[in-house]
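Visitor: This is what each chain is made of:
There are 2 protein chains.
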Amino acid sequence: MSTSTAVPATTGPTTQRGDAVALYQLPGHLIRRCHQIAVALFFEECAAFDITPQQYAVLRVLAANDGVDQITLAGLAAFNRTTAGEIVERLEGAGLVARRNSKLDRRTKNIFITETGRRLLADANAAVKRVQERLLIPLDRDERARFIEYLARIASENNELSRAPLRPIARGRGGNRTSGPA
Amino acid sequence: MSTSTAVPATTGPTTQRGDAVALYQLPGHLIRRCHQIAVALFFEECAAFDITPQQYAVLRVLAANDGVDQITLAGLAAFNRTTAGEIVERLEGAGLVARRNSKLDRRTKNIFITETGRRLLADANAAVKRVQERLLIPLDRDERARFIEYLARIASENNELSRAPLRPIARGRGGNRTSGPA
DNA sequence: AACTGATGATCAGCATACTGAGTAACTGGC
DNA sequence: GCCAGTTACTCAGTATGCTGATCATCAGTT
Chain Z
1 MSTSTAVPAT TGPTTQRGDA VALYQLPGHL IRRCHQIAVA LFFEECAAFD
51 ITPQQYAVLR VLAANDGVDQ ITLAGLAAFN RTTAGEIVER LEGAGLVARR
101 NSKLDRRTKN IFITETGRRL LADANAAVKR VQERLLIPLD RDERARFIEY
151 LARIASENNE LSRAPLRPIA RGRGGNRTSG PA
Chain X
183 MSTSTAVPAT TGPTTQRGDA VALYQLPGHL IRRCHQIAVA LFFEECAAFD
233 ITPQQYAVLR VLAANDGVDQ ITLAGLAAFN RTTAGEIVER LEGAGLVARR
283 NSKLDRRTKN IFITETGRRL LADANAAVKR VQERLLIPLD RDERARFIEY
333 LARIASENNE LSRAPLRPIA RGRGGNRTSG PA
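One line per chain: the protein sequences are Z and X, in this order. Under this note's numbering, the first residue of the first sequence is numbered 1, with each subsequent residue one higher. Under this note's numbering, the first residue of the second sequence is numbered 183, with each subsequent residue one higher.
Keep in mind that the hints were calculated from the coordinates and are not lab data. For every residue, glycine included, the Cβ atom is placed at its ideal position computed from N, Cα and C. Careful, some of the hints might be misleading.
Stated by the list, open to error - Part of the chain Z face toward chain X, derived, beta carbon under 10 Å: (1) His29; (2) Gln54; (3) Val131; (4) Ile137; (5) Ile148.
Stated by the list, open to error - Cβ-Cβ distance ranges computed for the label pairs, FRET-style: (6) Z:Lys103 - X:Glu325: 46 to 52 Å; (7) Z:Ser102 - X:Ala308: 46 to 52 Å; (8) Z:Lys103 - X:Asp305: 54 to 60 Å; (9) X:Pro350 - Z:Asp50: 33 to 39 Å.
My request is simple: use the sequences and hints to build the entire structure.
Guide: Pasting the structure below:
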């Protein structure tokens, strides 16, 4: 089967005839496939921790911003508000985060990472680092830096186009106004 | 209490203190955000067509490989087999594809793009082209070419790591062995 | 023909990722 | 102190994206 397997990486299995750009050259399609690979690598490297990439992101955000409400958490992790709520619910079920009603604003629920969550995060960080390294193996040192820079620029400058944009916390005037950890 | 979790405003959400690499610098996280942006742009540009990026990909694959079975289709679009079946089912409901039992192999169902599907594809191509252009606005001409090349290389060289790898059709010895279009 | 292993499709189940609507609670203006 | 607009969360509904199991069928062997 040496005939069909030698497909140039840039064209894919079926180069296009009539259309201008082949499906396999569209950045949208390529980003989707790279995302699939990144997720697959995450599950492979983090199998022992039984968490998803999104759950890991929530723990990372909470480790740096403990006690934020769900909407703020969604903004910090660039999640949809509903999705964030569901992920937090599963993390709560696993004992990795705790949810408490705020006393300052009874609409909000403040999310705190638990000791178990912090330990898992500390243990998983090395595995997650391996995910990134394996993902970028096809690129050399300079290309990796450029690739990450391009991704960051696209994500940053197009942030408001996203349906779940990144929303950093506006700090400097009274903190993050939570009811605080117990 | 403005706890010790308060991050200086100068660092914001993009830099880290203790850990080696910040969440916002991890390629896996950045790819996820770029994917969200690409999907959002797709829905914005293609609102009039009422299709999803994945459904568009299926139509593109069928336009070049009409009559393949679902597993082959999944491989050509880099979808999971179950996901591919669901997407095809919705496309069938919308009248954009047709599903017929193969006479050569009664296990398989061959998928064909309909005339409606071909027309929608032709109409949507310009909108999809705009999606790609808008996505890459933050990059200059040379950077765009490099970015796409990096994505293609990562997707290609890590293909087997994906849980839904790209599976080109092995051509040259008897075609794709379907029952053929009506 | 029967047996065995592989394959295509489907199903149950779980986890993201969204939209739009609804409810409860806060906030600013009066 | 009331009212209007806003906000936090939740729910229903839809669409991807997977795993593992099941069933029917096919292919190669005996």
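Visitor: Indicate, hint by hint, whether the structure satisfies it.
Guide: Tested hints:
no., hint, in the structure
1, His29, "holds, 6 Å"
2, Gln54, "holds, 8 Å"
3, Val131, "holds, 6 Å"
4, Ile137, "holds, 7 Å"
5, Ile148, "holds, 6 Å"
6, Z:Lys103 - X:Glu325: 46 to 52 Å, "holds, 50 Å"
7, Z:Ser102 - X:Ala308: 46 to 52 Å, "holds, 49 Å"
8, Z:Lys103 - X:Asp305: 54 to 60 Å, "holds, 55 Å"
9, X:Pro350 - Z:Asp50: 33 to 39 Å, "holds, 34 Å"
Violation of the numbered hints given earlier is absent; every hint is satisfied by the structure.
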